[in-house]
Amino acid sequence: MQTNDINWETLLFLEKSPSKKYLRKIIEFAYIIRNKLQQYDQNYQTPVSTQFYIDLNLTEEQCHKMLVSTVKLLEKAAQSNFQNVIQIFPGDFNQSLRDMLIEIFEQYGEIWKKNMNSNIQQGDKLIDVDWRIDVQVATHGQEKIKNPVIFMQLETQGSRNEMKTINFQMNSAELNTFHNNLQKIKDQLQQIVQQ
Numbered sequence: 001m002q003t004n005d006i007n008w009e010t011l012l013f014l015e016k017s018p019s020k021k022y023l024r025k026i027i028e029f030a031y032i033i034r035n036k037l038q039q040y041d042q043n044y045q046t047p048v049s050t051q052f053y054i055d056l057n058l059t060e061e062q063c064h065k066m067l068v069s070t071v072k073l074l075e076k077a078a079q080s081n082f083q084n085v086i087q088i089f090p091g092d093f094n095q096s097l098r099d100m101l102i103e104i105f106e107q108y109g110e111i112w113k114k115n116m117n118s119n120i121q122q123g124d125k126l127i128d129v130d131w132r133i134d135v136q137v138a139t140h141g142q143e144k145i146k147n148p149v150i151f152m153q154l155e156t157q158g159s160r161n162e163m164k165t166i167n168f169q170m171n172s173a174e175l176n177t178f179h180n181n182l183q184k185i186k187d188q189l190q191q192i193v194q195q
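Heads up: the sequence shown at position 21 corresponds to 21 in the UniProt record's numbering, and the numbers run straight through without jumps.
Note that these hints are calculated values from the structure, not bench results.
Predicted model only: the values in this text are computed from it and were never measured.
Incorrect hints may have been included.
Stated by the list, open to error - Distance windows between CB atoms, simulated: (1) 99 - 163: 46 to 52 Å; (2) 106 - 149: 48 to 54 Å; (3) 133 - 185: 22 to 28 Å; (4) 15 - 153: 46 to 52 Å.
Virtual Cβ for every residue (Gly too), placed ideally from N, Cα, C.
Sequences and hints are given; from them, build the entire structure.
And the structure:
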C-alpha cells in the first residue's frame, strides 16, 4: 500500500514541530485546505501556513511542499479509512514521526472521515443531462478539417431546491478523458458494492 507520489523527504519537515499538539495543528490545517489545493503545485498562502514556515524554520517553498505532502498522506490514509496507516509509510521513514502521525490519524481519523462524508453528501443532485454536437469545419489548403465539439448542459438541484445549470463544451479527446473518469468511478462503486 506504499505510495510513491508522496514526497517523504518533505514530510520529514514535520519533525521540526515543537510539540505533538502543533503537529496535529499542521495536519488539521492540511485537512482543511485539501479541497482548496486545486492542483498540488498551486501556491497556497494563508496567515496560518505563513506562521508554520516561521515556527518550523523553513522557507515558504519548503512549507508549501510539506503541506502538499501532508495533504497527499491524509488522502491516502482516508482511502483506507485511517486503518493500517503504517502500511503507507516506507520502511526507512523516521519511526518516531511515523508513530506520532499514526496516533493522530487513529485518534482523529474517524472525525475527519465523518466530516468528509457529510461534505460529500451535501452536494447538489443531478437532475438532467442535455447535449448538442456541433461540427466546426476549417479549411487547410485544399482539405476540409472537421472538428466535432460537444456542448453539455447539466441541471442540478441544491439542498434548498434551487436549480442550477452548468454549461461546458468538450472536444473529442476531452470527452474520452471524461468518459474514462466516469468509468473509473463506476468501477470503484462496483468494488465497494462487492466488498
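Tested hints:
1. Between residue 99 and residue 163 the CB atoms are about 50 Å apart, so this pair conforms to the stated range of 46 to 52 Å.
2. Checked against the hint of 48 to 54 Å, the C-beta distance between residue 106 and residue 149 comes to roughly 50 Å, which is consistent with it.
3. Here the CB-CB span from residue 133 to residue 185 is close to 23 Å, well matched to the stated 22 to 28 Å.
4. At about 51 Å, the beta-carbon gap between residue 15 and residue 153 stays in the expected band of 46 to 52 Å.
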